[in-house]
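A.B. asks: Listed in order, the protein sequences are those of chains A and B.
Start counting the first sequence at 1; every next residue gets the next number (the UniProt record's numbering).
Start counting the second sequence at 1; every next residue gets the next number (the UniProt record's numbering).
It is worth saying that the hints were derived from the structure and are not from the lab.
Don't take each hint at face value.
As the list claims (entries may be wrong) - With beta-carbon atoms standing in for the labels, derived distance ranges:
no. : chain 1 : residue 1 : chain 2 : residue 2 : range
1   : A       : 122       : B       : 47        : 22 to 32 Å
2   : B       : 271       : A       : 36        : 44 to 54 Å
3   : A       : 4         : B       : 248       : 23 to 33 Å
The structure displayed is predicted, hence computed values, not measured ones.
Just so you know, even glycine gets a beta-carbon here, dropped at the ideal spot from N, CA and C.
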Amino acid sequence: MDMAVIELSRLQFALTALYHFLFVPLTLGLSFLLVIMESLYVMTNRPVWRQVTRFWAKLFGINFVLGVATGITMEFQFGTNWAYYSHYVGDIFGAPLAIEGLMAFFLEATFVGLMFFGWDKMSKQAHLFVTFMVALGSNLSALWILIANGWMQHPAGAVFNPETMRMEVADFGAVLFNPVAQAKFVHTVSAGYVTASVFVLGVSAWFLLKGKWMPLARRSFTVAAAFGLASSLSVVVLGDESGYALTDNQKMKLAAIEAMWHTEPAPAGFAAFGIPSNVDRETHYEVKVPYVLGLIATRSLTGEVTGITELVDQAKVKIGSGIIAYDAVETLKTDAGNPAARAAFEENKANLGYALLLKRFVADPRKADAAAVDKAAWSTVPNVPAMFWVFRAMAGLGFFFVAFFAAAFYFATRRQFGRRWFLRIALLIIPLPWIAAELGWILAEIGRQPWAIEGVLPTFLAASDLSVAQLWTTIAGFTLLYGTLAIVEVRLMLESIRKGPEPIAEPGDADGPAPAGGYAPIAAE
Amino acid sequence: MDIPLDYETLRVIWWALMGVLLIGFALTDGFDLGAMALLPWVARGDEERRMVINSVAPTWEGNQVWLILGGGAIFAAWPFVYAVSFSGFYLAMFLVLSALILRPVGFKYRSKRGGAAWRAGWDWALFVGGFVPALVFGVAVGNVLTGAPFRFDTDLRLSYEGGLLGLFTPFTLVAGLTSVAMLVLHGAGWLSLKVEDGPVLARAQRFGKVAAVAAILFYAAGFAMLAFTDMGYRITSVPDPLGPSNPLRTTAVHAAGGWLANYATYPWMWAAPVLGFAGPLIAWLGISRRNHPLVFAGSSAATVGIIASVGASMFPFILPSSIDANSSLTVWNASSSHLTLFIMLLVTLVFLPIVLIYTSWAFKVMFGRVTTAEVRSNPDFY
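Modelling step: build the complete structure from the supplied sequences, incorporating the hints.
C.D. replies: In structure tokens form, the structure reads like this:
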């Protein structure tokens, strides 16, 4: 294994995935905001709601194409860059991706064309249905992708088959109803709703500050404030659910997030501050809030949260058992009927992946000495300081959004659209939900290391047989292409925002010029 | 759980479904690719270009999902094939991806600004987005027929010999050009149905005629090379259609003429190449008689026939290895597990008909020719 190939393959995956996820959250949330706005148009029959819907739909479109374009890369990248991964878990992991295409992406992509081109070709109700199908498709798409990702974090319902040298599905229901996947799905789509709400609110705030397109801006502000409040509450509460799912399923990730080097007596304290060190294996200057972690993670006063050192000790035991499984698989390769090897394999197969960790240090895991086992066991600890800080930044942003939307909702219900300090804040914080969403993915994926599939397949064994030169070629190519497209996208977005909505076709329906102070009750029109 | 269909049957079904998905992609998104490869040549001036772009704009996105689904379904049902082909053709895949990334952006962004240079730049990006995938997909199919340079070790870990340039040989170039001619013809067939009577339609017909002739010639050349050069493989071990998916359980050899053996054993398979040759002829006739639906029917038949003939020639091989024939992937050794194939079949049986229903509805809503008047006045047009 050339570690440079592994690191570059990871870099490319991280770059293309994080870039893809710049566009996805807005699609997830804005599609539902469009449904809300268009429903208001269909119900009230006021042209201004048509104008509102079409304006945001235009911005939706500019964002949407890049999500689609960069999504193709994601679908193919497992094969191009992670060929051994594709072989090793394709029997399970391929299914949600295929179902995503069949059930979700077809829906989204077919109806999105009609959404843009069908305004004059069908009834209002039919068009609303089309918009709803786009929202449904994009959100179902997220569901299947997160079922796939959830399985990487918690590979339920699969067993290793020595005859085919890969994981195979044993219980498809366990793959579908994976608790990690469920928690991740609701958390991720809620994050998308928050992103879209911040975006719509921020752009509307800019219009309100400039005194432009006030009827559109006030309505958009109100819709986004309400939707954003609900979503930000949901993202925090369901994010907690996601953390709770770690308690049983990814103990090491939870311990790393908390930089909890040793198991503490229950209920464990929550480290509000600290400087964790991977080298010293302890957290300096730690400030602990008693009880909180134990309460969040176990939802009890007696449940114990296991510390890193204890989990490493458990990993050593699993490595020992994994070596037996590995030895049995080597025997079964040439002597498939060997009953002793079969029995040894059956007993230890759950830990086979832990023996594979040793391949980083020795060619044949069966020849590993105690030092190699120790190194392999400690390699199961992800980057603790990164986990610690990334989590706190993400969660902090989550709480900020709740406060922000609570204020926005308050102003919207009181028709106070002229609070300039708040409008300025709303404009300035537009980038924050994207930062939070990217941090969330970094947390999820760094926290899974060193595994590609938790406990099953180490990342360093999962890559394709590529050269460093090939990888640099594609990394440079993607960077250039994606970088250019990002600049073009942002410029077109800004141009479209500056240009504003199309004029309202029917006369007499827009409300009049806004009174001084910049706000007027919506009911006035 | 008891699976009501045996492993062999499911493998054959999934082999056929892989064909259905690839043909679905070529039949639908194929004309988008072809129309974009034709864009700079059939349309002069901004209005004509926009007419061509808007003839595909409302439906291309759904069409492209056939490719995404094809990728996902091959991952789910044929993980070995997914792993070997995508990583083995690494830089070629990157070329295709880059071209395919330009396409959606080109459609959406091109007409958002007025500058001539801006629009001309995106027109060429759209051309690349149509032409390059059409060519590289064909070259890739050519390489599938000649075999790819890969082998497995006993952990079933893959290794390759050879890089991007090794993919381009006389035969694979002929395959690539067959694909370009076939998809350009299909693009011309689509434009025959979708643009108003005028200069764009007339040029599309002219290019269609050239493409029809080229498709027949390149396809015939490819077929001749299958017959007269030493191409083809043969399984030497006893096939085990019910056995576990492990490529190392099969032995195979390089065998000249191996790709024509199926036509002797199963004469009904001739239907595929016959359709492949008849399709372009029908399209040519359609153009001569100004029968536009016939042009599209002919180009569709060509697409179905040519792609199906690749599968028919190779069965049960899916992807042979040119450096270690014993590593070759076949229908009997490269699939997912029995249970996964069955579950995925159920999912497909439920959802594919639904997809076909709403896709047909989308095409019905957008039925009709794009006119200059509409290009000038419709605010939703790109």
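A.B. asks: Does each hint fit the structure? Answer for all of them.
C.D. replies: Going down the list of hints, with the structure as the test:
Between residue 122/A and residue 47/B the beta carbons are some 26 Å apart, a value that agrees with the proposed interval 22 to 32 Å. With their beta carbons about 53 Å apart, residue 271/B and residue 36/A fall inside the hinted range of 44 to 54 Å. Between residue 4/A and residue 248/B the beta carbon distance is about 29 Å. The supplied range of 23 to 33 Å therefore holds.
Of the numbered hints given earlier, the model fails none.
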